[in-house]
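Those protein sequences? They're chains A and B, same order as listed. Counting the first sequence from 1 gives a position; the numbering used here is that position plus 38. Counting the second sequence from 1 gives a position; the numbering used here is that position plus 161.
Just so you know, these hints were derived from the structure itself, not from any lab. The structure presented is a predicted model; accordingly, all values stated were derived computationally and were not measured. Careful: at least some of the hints might be erroneous.
Dumping the calculated DMTMM-like pairs for lysine to aspartate or glutamate here, alpha-carbon to alpha-carbon at most 25 Å [stated by the list, open to error]:
hint	chain 1	residue 1	chain 2	residue 2
1	B	K418	B	E705
2	B	K439	A	E602
3	B	K686	A	D886
4	B	K563	A	D720
5	A	K529	A	E513
Have a look at the derived ranges for each label pair, beta carbon to beta carbon [to be verified]:
hint	chain 1	residue 1	chain 2	residue 2	range
6	B	P638	A	T959	37 to 47 Å
7	A	D956	B	E705	28 to 38 Å
8	B	Q286	A	V604	48 to 58 Å
9	A	T959	B	K686	51 to 61 Å
Each residue gets a CB set at the ideal place from its N, CA and C atoms; glycine is no exception.
One letter stands for each residue in the lines below.
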Amino acid sequence: MNPNSILALVGKVLKKISIFSICLALWTPVLAGNNPAAKLLITGKVTDGSTNEPLPGVNVVIEGTTVGTVTNAEGNYTIDVPKDDAVLVFSYVGYNLEKVPVTGKTVIDVKLTTDPRKLDEVVVVGYGTQKKTDITGAISSISEKSLKEVPVTNAAQMLQGRAAGVYVVAADNKPGAGVSVQIRGRRSFNAGNDPLYVVDGIPLSGGLNDINPSDIESMDILKDASATAIYGSRGANGVVIISTKRGKTGKPSVSYDAYYGVSKIMRYADVMNGQQFAEYKRESRRAVINTATGRPQYDDTDPQADSKLFEAVELESIAQGRSTDWQRLMVKNGSMQNHSISILGGTQDTKYNVALGYFQDKGLIPGQDFTRYTSRINIDQNIGQRFKVGTSTLAAYSERNGEDLNPYGQSSDFGALTENPLGRAYDDNGQLIFLPTSDGLRSNPLSELVPGAVINKRKTFRLLSNLYGEAQLAEGLRFRMNFAPDLVENKKGDFRGSVTNFRRLGPPAASTNNDFTLAYTWENILTYKKKLGSTHSLDFTGLYSLQTRQYEQSSINVTGLPVESVEYYNLGAASTISGTNSAYEKWAILSYMARVNYGFDNRFLLTLTGRADGSSKFAPGKKWGYFPSAAVGWNVSNESFMAGNKLFSNLKVRASYGATGNEGILPYQTNGLLTRTQYDFDGTAAFGYRPSSIRNTDLRWETTTTFNAGIDFGLFNNRITGSLEVYQSKTTDLLLPKLLPITSGFTSIISNVGSKRNRGVEFSVSTLNITSTKSDGFEWSTDLNLFANKEEILELSQGKVDDIGNLRFIGQPAVVYYDFVKTGIWQLGEDSQAKQFGSIVGAIKVQDVNGNGTIDPADRQILGSDVPKLAGGMTHRVSYKGFDLSVVVFSRFGSMIRSPFHGASRFLSGRVNQYNIDYWTKSNPTNAYPQPNANQEQPIYGSTLSYFDGSFTKVRNIALGYNFGSALVGKLRMQSFRLYLSAQNPFVFSPYTSKYNGIDPEFPTTSTPPARTFLLGLNVKF
Amino acid sequence: MKKHLFVYILGVFFLITACDSQLEEDVRSQVTDSYLSTAAGFQDAVNASYASLKTIFCAIEDNGIIAPLTVFGTDTYTNGFDGGFKMMNFYNADLNPRTPVITTNWNNLYVAINTCNAVISRAPQVTGLTDAVKNTRVAEVRFIRAQYYYLLLQLYGSVPLPLTETTGIVTTASRAPIKDIYDAIINDLTFAVQTLPATPANYGRVTKPAAENALAIVYLTRATSAVKQADDYAKAAELAKGVISKYSFKLLDDFGKVFEQGSAEKNAEVVWAIQNNKDIISNGPGNTMHLYFIMKYDDLPGMQRDIANGRPYARYKPTDFVLNTLFNRQLDSRYDKSFKRVYYCNKPGTYTINGKSVTMATGDTAVYLADREWTAAEISRARYNVYAPSKQTERVFPTLTKFLDPERVGVNDQPGSRDLLFYRLAETYLIAAEALLMSGNAAEAATYLNTVRRRAAKVGATAAETEANRKAMEITPGQVSLDFILDERARELLGEGNRWIDLVRTGKLLERVKKYNPVSAANIKDFHVLRPIPQQQIDRTEGEFKQNTGY
């Protein structure tokens, strides 16, 4: 689809929508309230000072009275005033208060200006909301505005570079793949480090891939123990609270958001061309001496040497100077598009938001794509004065193709990256050649892309619903019950035709794999709010909840399908069933929680939380965990001595201490389990069972205690706002696979051993660099966040003793790179030294660290870790006359990555292609890479070649938008209309890419290359 | 309102008490270990002990098959072109405590031992089976466990010796004295000999003669160890002779028939075999031995990979000693019957061969591995590629045919369906011969050798000619020596996965490797008679776990 046809489509859709919105508009008089007639009738319209959008729901009150009204959906109001010296007060959340004397006017139009401090006034916390000034924990909030700036597939990607302490990196480059999110580092080795996602109050199991990012109103990230203790059992890794857009009182407003874009490969790997490959293959045989003749296997003095080494097609390619560029034959441009439409509105008693979404990402490798259809219905209904019911319901259907396919080449056996460039992809008739060379393992990677040759499709259906009922039992006392079922069905079909690398001309194979998850959360929440006099405020929350998740799965694999067109739709036709399987899994968590927030005089704040969780996953008698926490806050700026202060418009200090738990292990670990085995006696099957895990009768909660201290500040009338946090968390009873000496028959057991510590600093600041008094003047603002987290293992299964077998070291992060230290390559003339170390000239020279004259395991060193020393993000926003520009940057410094392509199997063996690297030969005495050697699957100490500095700075997104003026917008019967261009990942700066040919430091793999996407988008509101 | 509140709270409490049962785990799709103490579970654990034989002896090399540790790096086999296990032939720095194949074998052996231990430890508590059945099953499993300890002993030397099931977390391990390990092996096998029937309920189960055969090998091995007993050779000889004489086993007339695929695998010469079959689901990893000995034929003119010729892993190449010296090709049929030296065209077309254009049809000779040097004139006459011994390389060498599996479905399928002939009578003759020779009875040793050698003689055009060949194959007691027996084992048992262990047992590894395998000879040292203890084991064991010297 090209941009022109999109515009045409948009036009058509707009027409339809405007008719629809007129229909809805007819209802508004019915819904809007009427005022009785009075002496002086004043009318007017309230709009946003910067966008000129009408503001519905603005409170209009006569000063000094309780008489007032609310603006309707068009921002209009009418009010009777008793006398003409009255003053009208206009107030609206997030905007500055405006006072206008009537002085005889009958029409008063008001433009409200935004208050940067007040915009974030309300923050969603666990089981409720709180005013930002009352918060005592460490919470980062991301507004809808920021969320809109970067178009993403998965809502979690929106967090990248946006919040201090939230470290997000890609987990894969395939369309529809998830991301890895860590909040304040890793605590756990085995129980998972993913934060808990809470959508509209309901903890999710599974990621965010089914949520339409356009539906999200705000994301709040709870980081310290005080904030997360409310989710005690699962809060240790932080909590991301996602609120979707809900209906608001007012005329229905229809929004249509769409974008279409083209993705291009970010960078091709610089692999060898045909001639380079030929020379490299020769060199790999020069390194091998034929024991019978004493001559090298590739003997330069032998005129027949080439014809002995190369096969016919290779010789032909060498003679003709022909080279096949497999990467460029495979990679195509991809595309990304999104369409969301939402209708949002409501009356005093009924509020609704109905949204539909369509998203499609077609990847760079044909056959890899992701399509998602979503619908959302959010309804809130008041029943009388005391009762309220409602729902947030998401239905999502997605199709993902090619998630398990890697024709680009991760494997050393197969793939475009490593394919021999001397082979041919097509014959003279343009037909694919299945085996480009005689290497029987390496079939033509392009044959996987032939339509119908390989099908790998996952269909996911998810229904995530939260139904709630709320009752006001007495003044300030509310009871709420949430029931939230979450149904997920995955149907995966897989077909591998005969002419593919999977089957290599064997009979076709197919499989299906279906799973079904039924999870539900049932919560009973009692809240009580009380103000005692003007100085004391009390807020109590009590909870009882039950969460369960039940998972069922079944699969069947067959080979020998008679006709390829059957794909995986008639497995019964296959000649052989090669495997069948089914599984069942269930866990539950029971919880009791209580929280008290106490505030004194808006100056002193106290939060106490206690939670008890029982998990089915732990051993009998160890199932329950108890997680208390306490936090205090002091709003310094509300002190009387700060009253005349010009510098600080806001100043608050906070501190918290508390415990949270982690139970993210698989169920049934407390049981000793068996594995099925296969045997037969003379053709009669004899299946069996053998022990595969030992029972652990002592398995219990992993607990993290966190101390957090923070300062929130606002300077110069909130031109500069921000916060600074320091924290230390200690995780004990780590759920760790304790590795055992295998002589007991078991390799490991999940147990509670050891402890870990995380310490860190987080700083975030938002500045209004340039502001304008005019609504369309030049404005520039910046958000910056920087964070550093230090991860340290304190104790392991044997106390303060390194566990070298698992590469875990006291005082080091959970993942370190521990290997020999490469110092260069053994050069000519160093034969005897090389021999002393059991090596040869041309091979990798590693450091004899302990100087004992041999290279032994003790010479291995900790080379680095994947934890960055510093990470952060920066967002700039500039606006002028309807134009807006935003730039989002994400950086990390000081982490180490392992590049799989630099250390793959068959690296430098002269068999498969690889990076065009500077390898050693007799005439090229480099110290970079060793001499290729056909007798090695990979060089001795070859892993030392694969470590690189993982620092990078990525410009994540640049978006340039234009808001059309009110004249045009009015003519089109719109409220607003914005067009924008966006470039995703336009620039990457890193030593890995600039110096070492690397492809992407964020996700150093070779399975699917990263893309750079250019989008054209629009946001329309009626 | 207060009344309402009370009702709510009461209601919630009812629900809460109803929910506590949610925290009980309900294991459905997995099976917990208490199952193994039931009658059915006990039988399943026995089956699992058998299944471990496939992991150790038949599974794909990366997964820890024993083949990479016992075939090359010997006098009979050197490395071929492909594969990542060449350090086992090179004896270079890559053969170290971190070498994956060393570690996976160690791991697989101990997982298998714990499976066997589970059967042995739980047997007394199992109800619902007769004592006779239980005893037989325990004896079968003790035989299997003895196999594993024997392998561990030969590969790694002194090793930990757990003889009961692991039921809790064990973080310690220590190397048991070699004497204790021999005692445990001999106890297990003696129990098996005393308990097992000569004919099993199902073909493939361990039998009394199989246990006797095993025990003979163990005595033969202990006789060369530091803990030898004076009567070890005598016992070995007696046991081996018993296996030959007491049962209905007999050598097939034709050496070539021993390794026929299909029902012929169950022949009179097989004392005991590890079972594989064609049903994918019960066969699992199957027997992968068919992969490793095949030369790289599929890139030669006129050839492409097909099921009949096999998937050419080209791992193991016979040494020049085997190809040129070992066999008396005039008399001994085993050279021709062990090797495939000709490939017939399966990719017809026109190729340039020996300097001229040749059009090959399907079935024409495409590749011929000559057993002598050809003259230039002879070569130029040939309408196919000729590889005389001097032209043979790590890619092109005679293919050992014993394990080829043309009955697989796909050309690249790794699991094969062939039984692994673990003990066959010809080897029992050679064990008897070795034990007799070492007991000082060369004359009787010669008779056992001659039985094997007569069978191996080429069949002549007439009965008389055949008999003359057989006569010519016979040797005199004076010719019998340990080296001769090792040569005979090489001829008879070539590639059958025990060469390295035979050489270690006889103390001949270094001598013969240096003499016959120049690739290995370059680096092999005295300490290479043991494999390194995996670094993983050392790192994970609380307290000290000593490495073998030299590594």
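Now for the hints, and whether the structure bears them out:
Taken as a hint, the K418/B and E705/B pair is broken in the structure, with Cα atoms around 52 Å apart against an allowance of 25 Å. This hinted pair checks out: K439/B and E602/A have alpha carbons roughly 24 Å apart, not beyond 25 Å. Between K686/B and D886/A the alpha-carbon distance is near 22 Å, which keeps this suggested pair within the 25 Å criterion. With a CA separation close to 20 Å, the supplied pair K563/B and D720/A stays within the 25 Å bound.
The straight-line distance between the Cα atoms of K529/A and E513/A is roughly 50 Å, outside the 25 Å bound, and the hint therefore fails. Range check, P638/B to T959/A: about 59 Å between beta-carbon atoms, so the 37 to 47 Å window is missed. Restraint check, D956/A to E705/B: a C-beta distance of roughly 44 Å breaks the suggested window 28 to 38 Å. Under the hint 48 to 58 Å, the C-beta atoms of Q286/B and V604/A, about 51 Å apart, fit the expected range.
The hinted range of 51 to 61 Å is not satisfied by T959/A and K686/B, whose Cβ atoms lie roughly 31 Å apart.
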